[in-house]
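Please put together the full structure from these sequences, using the hints given.
Next come the chains, spelled out residue by residue.
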Amino acid sequence: MATIAAVIASTHHPFYLRASTATGEDRPPFADEWVAKIEAFRETLTRGRPDVLVMVGSDHFHQLWLDNMPQFLIGKAPFYDANYYNEEREFGLPRMGLHGDEELSAHLLRGGIDAGFDLAFSNELRVDHSITCPIITLRPQADLPIVPVYTNIFAPPMPQPRRFVELGKTIRALVEAWPSDKRVAIIGTGHLSLELGGPRQFGPHGPDPEFDRKAVEWIASSDLDAALAEVSLDSLWLPGNATHGFMDFMLMMGVAGENVKADYADSLDLFHTMEAYFTWYPKDSR
Amino acid sequence: MSKYLVDKFLYTIDRDPELVERYRQDPRGTVDWWEAERANLILNCPAAERSTWLRFTDAEREALATHDYVALFELGAHNFLTLTLFIGLFERDYAEPLGFQREYAARLGHWTVPYPDIST
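Those protein sequences? They're chains C and U, same order as listed.
Each residue of the first sequence is one higher than the last, beginning at 1 in the numbering used here.
Each residue of the second sequence is one higher than the last, beginning at 287 in the numbering used here.
If you're looking for bench data, these hints aren't it; they were derived computationally from the structure.
Here a beta-carbon is modelled for each residue, glycine too, at the ideal position from N, C-alpha and C.
Where hints are given, some of them may not hold.
Here are a few chain U residues that face chain C, going by a calculated C-beta distance under 7 Å [claimed, not checked]:
1. 297
2. 361
3. 366
4. 369
5. 376
6. 399
7. 401
Far from chain C, some chain U residues (derived; all Cβ distances over 10 Å) [claimed, not checked]:
8. 314
9. 319
10. 341
Right under this line is the structure:
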């Protein structure tokens with residue numbers, strides 16, 4: 001059976017590439033500290049020696065649109081082109097390409113549907129910065145095949161937070177049951193408190209530092225009881241109008257396992273959002 | 287109210303560099319053209335299989351025709367779509383990094399939660 005090489009949950013800040021490569025006057029004062037934290041975080045994936053990456057993220061109204069919006073979708077393709085014109089325009093992200101692992105895609109689709117998730121699938125998916133930002137931060141050589149898993153954290157009506165957790169648990173169980181000798185890292189990115197297109201956007205910190213403090217504690221200890229007790233589809237509007245991306249962190253807590261403390265946890269208070277980085281190593285694969 | 291159609295306008299303009307420039311230069315003309323020619327195209331269907339029923343309300347049309355992102359917020363346009371397109375339109379006019387984004391926030395400063403519903 002496949003081995004889980006690492007479980008990684010992270011924010012995905014699209015400005016990292018530009019900040020980390022800027023020089024001279026263009027280099028922001030926080031860039032060096034940010035780069036140091038990312039390089040330490042990257043090492044946690046490298047240590048897991050993965051062969052394939054399951055990448056949990058969300059399409060930001062690029063390929064998926066309101067005339068046909070899936071709640072959960074898994075890509076099944078041999079290759080994924082990546083990044084879009086408006087991401088190049090706003091964030092300076094380059095066009096990229098990632099190979100796919102169709103066998104693992106097929107396994108997750110079949111097993112996920114049989115486990116009660118009526119998953120959508122895509123045989124031609126152009127992924128966006130929710131997938132490429134963690135590639136840039138965690139595996140910049142972009143040399144491993146991926147299986148993209150997209151969640152709807154953007155367009156109401158969305159699935160309940162509990163459903164994200166359950167999908168995470170299901171993905172974990174399915175990867176562990178995959179008849180393969182490969183080492184699989186499961187990586188998911190979301191947000192802490194975040195405001196986009198509202199009065200609290202682009203402040204000196206995330207819009208709700210108190211939510212961020214609690215959220216980091218929940219994730220670091222994978223305290224699903226506490227997170228599920230406080231978080232609902234309605235409550236997530238309050239810390240910031242784009243905070244439903246936290247549900248992808250909840251999915252990753254489901255992957256990590258209930259009350260399993262992260263082996264690595266770090267955060268960085270930045271303008272606009274708080275960055276947060278977590279890694280779990282399954283006990284039998286350390 | 288046709289929030290969906292406002293979102294469709296923002297989405298289809300934002301993904302096309304030529305339309306972004308056209309909307310920047312001539313917002314009212316672009317909105318009128320788009321409503322007449324593009325509003326009813328189903329994105330994954332041939333043009334002959336278009337819809338027949340989509341049109342803006344007067345308030346929506348006016349908000350789009352005047353680049354009024356505060357009005358769009360108040361009409362329930364999707365916050366991410368509005369922000370992304372308007373950064374593409376106007377960030378270039380501001381000398382300070384994030385200058386446009388911060389002005390955008392300030393112009394919405396009279397709002398506290400709950401914000402207008404973005405559900406479609």
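Unmet hints by their number, sorted upward, for this structure: Those not satisfied are hints 2 and 5.
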